[in-house]
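Whenever a hint applies, use it, and build me the whole structure from the sequences.
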Amino acid sequence: MTPGYALTVDPDLRDLRAADHLLLKLAAELALPEGMFGCTHLVRDDRPRVALSFTLPSEPLLRTAREALTGQGHEVTAGLPDAVGRAVAYPGSAALTGTLTIAELLGRSAIDRVTVLGAAEPPDPGTRLLTRDHVRPHWQSGTLVLSAMPAVGGVLVPFEVPDPTPCCADH
Numbered sequence: 001m002t003p004g005y006a007l008t009v010d011p012d013l014r015d016l017r018a019a020d021h022l023l024l025k026l027a028a029e030l031a032l033p034e035g036m037f038g039c040t041h042l043v044r045d046d047r048p049r050v051a052l053s054f055t056l057p058s059e060p061l062l063r064t065a066r067e068a069l070t071g072q073g074h075e076v077t078a079g080l081p082d083a084v085g086r087a088v089a090y091p092g093s094a095a096l097t098g099t100l101t102i103a104e105l106l107g108r109s110a111i112d113r114v115t116v117l118g119a120a121e122p123p124d125p126g127t128r129l130l131t132r133d134h135v136r137p138h139w140q141s142g143t144l145v146l147s148a149m150p151a152v153g154g155v156l157v158p159f160e161v162p163d164p165t166p167c168c169a170d171h
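Heads up: the sequence shown at position 26 corresponds to 26 in full-length UniProt numbering, and the numbers run straight through without jumps.
None of these hints come from the bench; they were simulated from the model.
Pairwise CB distance ranges, derived in the manner of DEER restraints:
1) Thr-64 / Leu-117: 34 to 44 Å
2) Pro-48 / Ala-103: 37 to 47 Å
3) Gln-72 / Gly-126: 44 to 54 Å
4) Glu-34 / Ser-141: 22 to 32 Å
5) Gly-71 / Arg-113: 36 to 46 Å
6) Glu-34 / Gln-72: 20 to 30 Å
7) Gly-79 / Ala-110: 16 to 26 Å
8) Thr-64 / Leu-130: 36 to 46 Å
9) Ala-18 / Asp-46: 17 to 27 Å
10) Asp-46 / Phe-159: 24 to 34 Å
Cβ coordinates follow ideal geometry from the N, Cα and C atoms, glycine included.
Here it is as structure tokens:
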């Protein structure tokens, strides 16, 4: 993750889906450029929650975003909360819809590599990935990595599902 021009917003949310929604809403309201990264970060302290971070390509954009977010009443701090964010908005993310090959996914986005659960080797570039229109890679040692898993029909799917069943939903 490139921390050059970064800021963190702590909206005091505990729900990851709500944090995704807010991050995308704020990015749209701020008209942030394609070159930015918007990530969620799990904050594990005495008040567990999800923080948001935005990494922007220039200091003037950072300043403008900070002023706008602060003006909306958000708690904004400089820098990133950690180096392992979950990317929600990133270069090329909007183009990751439908079914793509691994080569297409890597060529269209800022994702650096794909790993498959239980596999020692990366997937073949021609392997198809059913995106489910929900591709959330994670930063690992400065590299944006998508974790995928095998699915029916010989395709891969992102490990993270778009609409997870809440714990204990049937109780």
